[in-house]
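Undergrad: For reference, the chains in residue letters:
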Amino acid sequence: MAESERVTAIVDNDTAVANVTRMAEKEGYLAEVEEKEDGIFLHLSRAGRLPRTEVVGFASAQGAEGPLVVLIPSDGLGRGDDELGRILLRSFLHTLHEVEPLPGTIVFLNAGVKLTADDSLVLEDLQALEGRGVEILACGTCLGHFGLKERIAVGQVSNMYSIAETLLGAGKVVGL
Amino acid sequence: MTDGEHSVFLFPSTSGAIRAEKLTLQSGFKVKLIPVPRHLSSDCGLCLRCNSANVGAIRSLLETSSVEFEGISSV
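Listed in order, the protein sequences are those of chains A and B. Residue numbering for the first sequence follows the numbering used here, starting at 1 and increasing by one per position. Residue numbering for the second sequence follows the numbering used here, starting at 1001 and increasing by one per position.
It should be emphasised that the hints constitute simulated quantities derived from the structure, not laboratory data. Don't take every hint at face value.
[Said to hold, decoys possible] If you want a taste of the chain A side facing chain B, the calculated C-beta under 7 Å gives, among others:
hint : residue
1    : I87
2    : H94
3    : T95
4    : H97
[Stated by the list, open to error] Here are the simulated DSS-like cross-link-like pairs (lysine-lysine), alpha carbons at most 30 Å apart as the crow flies:
hint : chain 1 : residue 1 : chain 2 : residue 2
5    : A       : K149      : A       : K36
6    : A       : K149      : B       : K1022
7    : A       : K36       : A       : K26
8    : A       : K149      : B       : K1030
9    : A       : K26       : A       : K149
10   : A       : K149      : A       : K172
Bear in mind that the values here come from a model prediction, so they are computed numbers and not experimental data. The beta carbon of each residue, even a glycine, is placed where N, CA and C say it ideally should be.
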């Protein structure tokens, strides 16, 4: 895509539309959506736009090369007692409101995606963080695995390309 | 739980805080286990936040259920 002025991508679901659109906008393309019988056509074109600036909170930490990213790969914090681990993780996410620096992005993987579902006990915390500009990415494969793809209530359904780019492009990754 | 004033129940142990959360949620109270605010101190690092209007009812529930707590503070 880097050398083309116009590209058309054909996808078959809303998650793909969101992922491709997000990637295109990052690269400075405009995305027009056209729904047809044989698929959803995304017409991507250069529009003299600069690549989209990453959305980060006003107090977000910027490392030498990118934002602070928090990686949450499970629904608990630490090992030893699962129930305690879940409470500690809830406690950690609640505390993010009150401490500095605010992360630029929080990535949820594996059972961590349960925290982004509509019955999550940290939904209010995550929605508040998102409202302050924190990007929340939930692994789409993981949501599908747990049957939660239709129940995500905060953040964006993401794929491994976006997640890998986010982690590799971070100034600092805090893995829980 | 964004409206109204909040209070927190402090506990001598984590297991007590966890038990208190289960009991209050089962009774329909809107509560949340949160870290003990920095300006308070407790033997346990977790406390149970609730709407201040429900402090009396939750206190009775915990006492009836023999869940020990160290104190109650407004936050």
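Undergrad: Mind checking the alpha carbons of A:K26 and A:K149 for me, to see if they're no more than 30 Å apart?
TA: holds (24 Å)
Undergrad: Given A:I87 as an interface hint, is its Cβ closer than 7 Å to any Cβ of chain B?
TA: OK, holds: A:I87 within 7 Å of chain B, min 6 Å.
Undergrad: So, as I understand it, the hint says A:H94 touches chain B; can you test that by seeing if any CB pair is closer than 7 Å?
TA: Cβ of A:H94 sits 5 Å from chain B, so the hint holds.
Undergrad: When you check the alpha-carbon spacing of A:K36 and A:K26, does it fall within 30 Å?
TA: Measuring from Cα to Cα gives roughly 25 Å; hence the hint holds.
Undergrad: Has the given pair, A:K149 with B:K1022, been kept, meaning a C-alpha gap of at most 30 Å?
TA: holds (28 Å)
Undergrad: Can the restraint linking A:K149 and A:K172 be considered satisfied, given a maximum Cα separation of 30 Å?
TA: holds (28 Å)
Undergrad: Under 7 Å, Cβ to Cβ, is where A:T95 needs to be relative to chain B, so tell me if that hint holds or is violated.
TA: holds (6 Å)
Undergrad: Given the hint that A:K149 pairs with B:K1030, test it: the Cα-Cα distance must not exceed 30 Å.
TA: holds (27 Å)
Undergrad: Would the hint on A:H97 be counted as holding, given a Cβ-Cβ threshold of 7 Å to chain B?
TA: A:H97 check fails; min Cβ-Cβ to chain B is 10 Å, beyond 7 Å.
Undergrad: Is the Cα-Cα distance between A:K149 and A:K36 30 Å or less?
TA: holds (24 Å)
Hint 4 alone, counting from the list given before, is not met by this structure.
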